[in-house]
Amino acid sequence: MTLRSALRTLTAACGFAVSAAAYAELYVVANPAVHLDDSDIKDVFKGEKQFAGAVKLVPIDNGAAQEIFLADVMRMDAARYNTIWTKKSFREGLIPPPVKSGDIEVISYVRRTPGAVGYVVSPPPNGVILIRKY
Amino acid sequence: MNSSRRVASACAAVLAVTLAGPLHAESTEAAKIRELEKKLERSLELIEQLAAKIKHIEQASAGLGDAQTKTAAQAAKIEAIEKHVSEIGGNLSRRASEDGLPMHGFADVGILKSGESNRAAKGRKGAVLGMFDLYLTPRFGDRVKTLIELAFEAEQDGSTAADLERMQIGYTFGDAATAWLGRFHTPYGYWNTAFHHGAQIQTAIQRPRFLDFEHDGGILPAHTTGIWLSGSWGLERGRLGYDVFAGNAPQINGVAAGSALGTAGIFSPAVNAGTYGGSGNLNLRHVGSTSHRTSTGFNAWFEPDAWYGLRLGVHGLRAEVVDDAAAVNRTLLGMTGAYATYHPADSWEVLGEYYRFRNQDRSGGTGNHGSWAGFAQVGYTAGKWTPFARAERARLDQTDNYFGVQANGRSYARLAAGLRYDVDPKAALKIELHSTRQEDLGPGVSDTYPEIRLQYAIRF
Numbered sequence: 000m001t002l003r004s005a006l007r008t009l010t011a012a013c014g015f016a017v018s019a020a021a022y023a024e025l026y027v028v029a030n031p032a033v034h035l036d037d038s039d040i041k042d043v044f045k046g047e048k049q050f051a052g053a054v055k056l057v058p059i060d061n062g063a064a065q066e067i068f069l070a071d072v073m074r075m076d077a078a079r080y081n082t083i084w085t086k087k088s089f090r091e092g093l094i095p096p097p098v099k100s101g102d103i104e105v106i107s108y109v110r111r112t113p114g115a116v117g118y119v120v121s122p123p124p125n126g127v128i129l130i131r132k133y
Numbered sequence: 000m001n002s003s004r005r006v007a008s009a010c011a012a013v014l015a016v017t018l019a020g021p022l023h024a025e026s027t028e029a030a031k032i033r034e035l036e037k038k039l040e041r042s043l044e045l046i047e048q049l050a051a052k053i054k055h056i057e058q059a060s061a062g063l064g065d066a067q068t069k070t071a072a073q074a075a076k077i078e079a080i081e082k083h084v085s086e087i088g089g090n091l092s093r094r095a096s097e098d099g100l101p102m103h104g105f106a107d108v109g110i111l112k113s114g115e116s117n118r119a120a121k122g123r124k125g126a127v128l129g130m131f132d133l134y135l136t137p138r139f140g141d142r143v144k145t146l147i148e149l150a151f152e153a154e155q156d157g158s159t160a161a162d163l164e165r166m167q168i169g170y171t172f173g174d175a176a177t178a179w180l181g182r183f184h185t186p187y188g189y190w191n192t193a194f195h196h197g198a199q200i201q202t203a204i205q206r207p208r209f210l211d212f213e214h215d216g217g218i219l220p221a222h223t224t225g226i227w228l229s230g231s232w233g234l235e236r237g238r239l240g241y242d243v244f245a246g247n248a249p250q251i252n253g254v255a256a257g258s259a260l261g262t263a264g265i266f267s268p269a270v271n272a273g274t275y276g277g278s279g280n281l282n283l284r285h286v287g288s289t290s291h292r293t294s295t296g297f298n299a300w301f302e303p304d305a306w307y308g309l310r311l312g313v314h315g316l317r318a319e320v321v322d323d324a325a326a327v328n329r330t331l332l333g334m335t336g337a338y339a340t341y342h343p344a345d346s347w348e349v350l351g352e353y354y355r356f357r358n359q360d361r362s363g364g365t366g367n368h369g370s371w372a373g374f375a376q377v378g379y380t381a382g383k384w385t386p387f388a389r390a391e392r393a394r395l396d397q398t399d400n401y402f403g404v405q406a407n408g409r410s411y412a413r414l415a416a417g418l419r420y421d422v423d424p425k426a427a428l429k430i431e432l433h434s435t436r437q438e439d440l441g442p443g444v445s446d447t448y449p450e451i452r453l454q455y456a457i458r459f
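Chains as they are written, first to last, in numbering that gives the first Met the number 0: chain A, 0 to 133; chain B, 0 to 459.
Next up, chain A with everything else stripped away, as it sits in the complex (with noise of 0.2 Å):
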């Protein structure tokens, strides 16, 4: 393999994986008890929508998924989305979602803490349900 066919293999790698990053899928799942429409998963993770019938919703941030959620879902960066629950707790005393590392501590949460909300960029496996996918 000569060097300039050694560049054109890497330059390729890297454009896919900068594509694969630009175009992941996203998926927004809940624990099996919670019942929500796709409309308001905006207000879940803003802090406005905080039960979904009895049930008390618990959001959940993937720290592996988060800018992407952001820029995706809640159309705004990390900055503004800490000050919007910053001034949530600050005036409501609401807990900010807690921050997970990845898709396994966040399915794992998920399953087994009603009412918890999050998101993945992995097909979600049994045990959570589907909410929306981006």
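Hints in this document: simulated from the structure, not taken from any laboratory.
Incorrect hints may have been included.
What the hints assert, rightly or not - Which bits of chain B does chain A cover? Going by a derived footprint, with three or more residues having C-beta under 8 Å, they are:
1. 190-203
2. 227-239
3. 390-399
By construction, the Cβ of each residue, glycine as well, lies at the ideal position given by its N, Cα and C atoms.
Since the structure of chain A is provided, determine the placement of chain B on it from the hints.
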């Protein structure tokens, strides 16, 4: 003789040429052989190198097989560890959420130089400690909420004041209703509950002056002790929210003695004579009182989906307020107003609040008094920089007991402009310039002064 010499020379030349040919051919072949030998050596070296590489690759391939086997086993172990860590983390998170004490806060320090110099006040200069504010949000379950806020502030006399700013315990029935009991931020307008002591989360350094805290001479009760019901609904075209509350009505303490309050046909002759007499501050009576009076209020707002970031609201406050003058004044404070905020996902922040007062003198014969106050603020965020500007105006009737006895109950106009730089998401450096015209300092007396402030504010 000459011919024989010529023949001999020619023969010698022919012989030389004849002998030189094979000699030259012999040397050329030798050079070729040497070159071929060199090439062969290089080829052998190359073959050796390739053989070494192949051997290395074969060894690596053999090792890779083992490594793949090992990797599969390690992956299973890592997955098991991840799950274990996840469970531990989840349990810790859950325990922190249920039993822990989430504690947050704000702090700010700064420098100021005020040019105020009139009969009402002298401006300060120098480095200043702002406020150190701690708030805790312990959670006892899904529906019980608590907010406790403590603020520490350095006073001008060198002491440090600790205020229990909020202590409210609530119960959430659902999105549409959370009931709080205790001391809370009075939910009028937007600023008072959105920012309050959170210097880092407000764009500007200072609050609008008429919305100052009670101990700083604010003209409205920034806190109320009582009951507060709050909630919101998601509608088809937006979100509708409300606050209703009832609590202890404030009292005005520290009214200057001897100013013949309540007996004058036009309140505060000291003011009219240019000798300024108002010095009272609102006392929120957060432990009740022997002569209870109730304050009530509301706030209703709507956020349309069609215009993300916009909130439109109306608000009101009603309370019978007495002061501690020798001849006690009783005033029915009646405030109604409206506000609008616009803060989309980025860039713009627009705030505007309007307060209209229709106060009734219940102890004297001066009747009803109309006043108003308001502000408008605009900021634009570009990266880490946010330039902002604000205009404030308060036209307060000095014949109204409620304003006349208060230290900050004078009319004023202020223009402010500044720049905020977000050092990081939780720290901001701000600079702010004011020009304030202080009115009602006596007949025809006003004072216009500049002020500059620098603030470094954090949240945690």
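- Item | Hints the structure fails to honour | Violated hint (a single one): 3; every other hint is consistent with the structure.
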